[in-house]
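Chemist: Residue numbers (the working numbering), protein chains in the order written: chain A, 1 to 336; chain B, 1 to 336; chain C, 1 to 336; chain D, 1 to 336.
None of these hints come from the bench; they were simulated from the model. Careful, some of the hints might be misleading.
Here are some of the chain C residues that sit facing chain B, going by a computed Cβ distance under 8 Å [stated by the list, open to error]:
#, residue
1, Glu114
2, Lys130
3, Ile144
4, Arg146
5, Asn248
6, Ala251
7, Leu252
8, Glu254
9, Val262
10, Ala264
Quick reminder that beta carbons are idealized off the backbone N, C-alpha and C, glycines included.
Protein chains: 4
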Amino acid sequence: MKKVNIAIIGTGRMGSVHTRNLARAIPEANLVALCDIRLEVAQALADELGVPRVVRDYHDLLADPSIEAILIATPTDTHAFIMKDVALAGKHIFCEKPLALDLRSIDDALAVVEKAGVKLQVGFNRRFDKSFRRVHDLVASGEIGRPCILRIASRDPEPPLPEFVRASGGMFLDMTIHDFDMARYQIGEVEEVYAIGNVLVAPFMAELGDLDTNIVTLKFKNGTIGVIDNSRQAVYGYDQRLEVFCANGVALAENEREDVVVKAGKDGYHSSRLPYFFMNRYAPCYVEEVRQFCECVRDDKPTPIGGHDGRMAVVLGHAAWKSYRENRPVKVSEIG
Amino acid sequence: MKKVNIAIIGTGRMGSVHTRNLARAIPEANLVALCDIRLEVAQALADELGVPRVVRDYHDLLADPSIEAILIATPTDTHAFIMKDVALAGKHIFCEKPLALDLRSIDDALAVVEKAGVKLQVGFNRRFDKSFRRVHDLVASGEIGRPCILRIASRDPEPPLPEFVRASGGMFLDMTIHDFDMARYQIGEVEEVYAIGNVLVAPFMAELGDLDTNIVTLKFKNGTIGVIDNSRQAVYGYDQRLEVFCANGVALAENEREDVVVKAGKDGYHSSRLPYFFMNRYAPCYVEEVRQFCECVRDDKPTPIGGHDGRMAVVLGHAAWKSYRENRPVKVSEIG
Amino acid sequence: MKKVNIAIIGTGRMGSVHTRNLARAIPEANLVALCDIRLEVAQALADELGVPRVVRDYHDLLADPSIEAILIATPTDTHAFIMKDVALAGKHIFCEKPLALDLRSIDDALAVVEKAGVKLQVGFNRRFDKSFRRVHDLVASGEIGRPCILRIASRDPEPPLPEFVRASGGMFLDMTIHDFDMARYQIGEVEEVYAIGNVLVAPFMAELGDLDTNIVTLKFKNGTIGVIDNSRQAVYGYDQRLEVFCANGVALAENEREDVVVKAGKDGYHSSRLPYFFMNRYAPCYVEEVRQFCECVRDDKPTPIGGHDGRMAVVLGHAAWKSYRENRPVKVSEIG
Amino acid sequence: MKKVNIAIIGTGRMGSVHTRNLARAIPEANLVALCDIRLEVAQALADELGVPRVVRDYHDLLADPSIEAILIATPTDTHAFIMKDVALAGKHIFCEKPLALDLRSIDDALAVVEKAGVKLQVGFNRRFDKSFRRVHDLVASGEIGRPCILRIASRDPEPPLPEFVRASGGMFLDMTIHDFDMARYQIGEVEEVYAIGNVLVAPFMAELGDLDTNIVTLKFKNGTIGVIDNSRQAVYGYDQRLEVFCANGVALAENEREDVVVKAGKDGYHSSRLPYFFMNRYAPCYVEEVRQFCECVRDDKPTPIGGHDGRMAVVLGHAAWKSYRENRPVKVSEIG
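With the rest of the complex left out, here is chain A (with noise of 0.2 Å):
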């Protein structure tokens, strides 16, 4: 079997995640290089892995014939210029979300792209989800009727750090769009946004300008209607739930719970807490999106997640912040 050789750039928290996963649970790559402006970073993380080159510039990869793709995992506001370097280099794009906060950065990225003709995937894990998945397929299936509501939860443990909070983009493009992306992967395109939210429980984020609650209402081209909840402190862990109410009946993927264990007392019944965070509720999704990228490399077909797909859940979160900040109904289309 041909492996797909694949480098690295960027290998902070997302960067190490793949780089680990790449080194040993994929064996459609050969991780042949990481790069990062931490030289000693990425040199630790290559000694323990065996990844045989490191750098720190990302031009010495784009200059490297053997290098057939390349997994981008550096800051968001690095991301559209880098993808266009390397697409320009003419190898495969993996790109971790969001592609960019503005809409332009992320035009212009995929207009080079396309113009290049190297495949761009980008790094909406939650789609891989065994669980999201079936939802999916139960109901693209039929077997259910067709979709009416859509209902996510989608609930962090804990707030994130303000310097973090500040390069975000804010609640609705850090956060909701990972709801928004499994939205349209759910439904399809939607058409029309409302969004409230709150500062509730991290009063930082008034300061800054952010949310920390909030609701988003979808109404989808296909006439589906639905509703997205997100807080950034759900104390039991990482909340992650989706129904899909349809027809004939209702899929849902309820919470994976840390382990199977119920003792019962005197005061009832209890279980397990949820997961504490994304990285390990969502571990074997990081795996197989890469996975099926080097596969979709090797055999030369189109990614799971293209560049639409990454610009749309942009657009979306633009959308949700102009809702909330006009307090009404935003159509997608006034967006772009």
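Using the hints provided, position chains B, C and D relative to the given structure of chain A.
Modeler: Here is chains B, C and D on its own, set in the frame of chain A:
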């Protein structure tokens, strides 16, 4: 123990439920008479349950000084004027929901009730469900912190008949009204609503200008945000779920099941559907609400759900219709 | 609809349950009299529920030709001779379990009952539980193949008082007897039992020669094997679970819960304890068993649980005690 | 961090699992060689995973002073003599279960191991399951009082092939042996067993003198009583449940599910079947057991499951067979 002498006006669907409960299961009450313009319906019920008196005209009851309280279970459009007559006769009132579809009728009736100094309880049965009550008490105790998100799924098993729909005030006033009351019970007063909806399962609803699927978001005065979703057709049974997500935890009321049987085979696990309709699901609530009403009359205590509650649920229903029709958030203060 | 004239002998714990049910919830019955040697207890109950007649001596009931059926809820050691008297008076019998602790008394009484040609139903209430019944029907339908393993967990919330234990026949005849009947209901006749047990939670049981914890394995005549476990102290409530594992699947009846509330916090998920005791858990069964008895009397049909069933449960109780004492498997045929 | 140089003898079903884990997922280990008499099987695996050395004769490994530990995953009847050779070569041993089917071989091998002073760990993987471990820890903490009843359901999805059964020692030594070890892990030493069983799903088992369905009751030395039930055919998946009922509560490990999807339709709720087999259900345990073994070797600590544990599980298997054949309770001391 003193018993309250009570009579029932209207022995249709809800009236007969109350008749059976008062005759058999509420020791605080002495059911002394039934009234229905279809005298033979009332008579048959009285014969079966040993109720001593049956009348066709409710004025006959008003003239009877031994009757202390009246339960009104007639069609909605008669509630307001019967209430006024009963109040003027100095008898306490238990009235089925909604008090009326128009606010003027409600306000007129409430003014008379207040002036007469009689007690009034509105039939929002769900407040007496032990699970919803325990969620309320848990949240009210402060144990899990301030409420952030209220989330209600409330779905009927099948659409009502067109003739019922025609006189019902439409989905927001007939069906969502229960959820509006539940929202107020769990969280407090609502400041603004936004409603979206569609006709997805029962095409005749469109001809009647009604909906069969909706989502309503709520901004509460205390800063909590909330969402209700409704459908007229949950083929797996009467779906009634409630979730109050708080700063330090969450309290949920899950669905009750028909039984506790689980079957597993080659294709996985199967468990029972939900109780089919509100009569089954909320059977104990219909007993408890009237039992508490009788207790309040007997002990001269305020009723748990008064005229203001009955009025506000109707106000929220009108606000939702206005929001839906104008596709914009509507302040409750716009309605009255 | 013709109603069956029925009287109750014994208005203690179980008798008062049956009195309330017959007075309020069983339309097939006409409760005409109560009997208790503590006349004032019966009288108070009759006053509360409007039962027209109260007697101290049950012979007074036997002399009344209008009474068609008698429910016996007296202490166990009086069941057999009262049954005989009632049968000789030509009245149908509903008798609480166990029929008696010794087989000779049972056989004497059953002989008289049979000769008199009256109906007899034994109060094994659990057979009327909707979930256990659905498990039975599912298995009987053959849909999941032949039964291989029966598995019952049946645990009381707290030990009974020593004075109760003394007259109870001990754990196998007082408590396990219900599970023996359930085992026969679900699977069929038992060929051999083996019982182990210990005193682990209620030391006074040892002084009384009784147990508080036991496990009984069963070989059924049809080749199925089974196991029952019992404890006198499940602090989380009345634990009643049943599982019939079959060649092509499994059918389980899980525990019912007090309510459907779930709370989650930092330490995980909490849900409600079990209903506290058999009176709560099996409340609908006490209604249904007597309702069906009245139906059988009215329509002259055989009762669902007859003398043989009542006898076999006692035989199995004795077999378990013999097995425990001799620490060896005991054939049911050794007992009788 | 020092890594332990380890080699694997036997690259069949279990050996290849361990090979993959040691090559990819156990940072404490350095997998230096594979051995299999089917050299080409070992070679293919080595090629895929980059293991540097492959041998046909395990003596070649014993002669290599750089190898510190050996994992034995050969057929059961070779475990004992290979263990002896490895011990004499001064290398630490991880041996798959069972150590052997006959006690004499086990005792011989354990004597050599002890004399050689090398570490030995037996492959009872289930002790490393996070849920079973948490049940153990909960009970051991004393929080829910002394253990009263142990209850294990352990059922395979489908019967093994006849040729496997023939060499397996039969159901009690091949399958129940895992539950015997789990029973000892959760509660402690067993004093007496009683076993019943039958052939109900796989008729060929009868021809081989084996069973496909059994129930074993256990008396533990500390007074706890227990029961294990086993079947060779749970069509809904690999059923693995454990319950420790205690004086002040209960701790249960429920089944893990394939996913968290629930579908509801007209006929009720459906959820996923169980993971199909032990390879899936216990995948993380196979990693963790060998990881801990390597840690023990590296840090010179005692292994978590030693020779006595390996021996006692076999003793209990023989006691169960004797009990079944003689249809009487058998003291563990009768076996050895």
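Chemist: Now, for every hint given, state plainly whether the structure supports it.
Modeler: Evaluated hints:
{"no.": "1", "hint": "Glu114", "in the structure": "violated, 36 Å"}
{"no.": "2", "hint": "Lys130", "in the structure": "holds, 5 Å"}
{"no.": "3", "hint": "Ile144", "in the structure": "holds, 6 Å"}
{"no.": "4", "hint": "Arg146", "in the structure": "violated, 14 Å"}
{"no.": "5", "hint": "Asn248", "in the structure": "holds, 6 Å"}
{"no.": "6", "hint": "Ala251", "in the structure": "holds, 5 Å"}
{"no.": "7", "hint": "Leu252", "in the structure": "holds, 5 Å"}
{"no.": "8", "hint": "Glu254", "in the structure": "holds, 4 Å"}
{"no.": "9", "hint": "Val262", "in the structure": "holds, 5 Å"}
{"no.": "10", "hint": "Ala264", "in the structure": "holds, 5 Å"}
When the structure is compared with the earlier hints, violations turn up for hints 1 and 4 and for no others.
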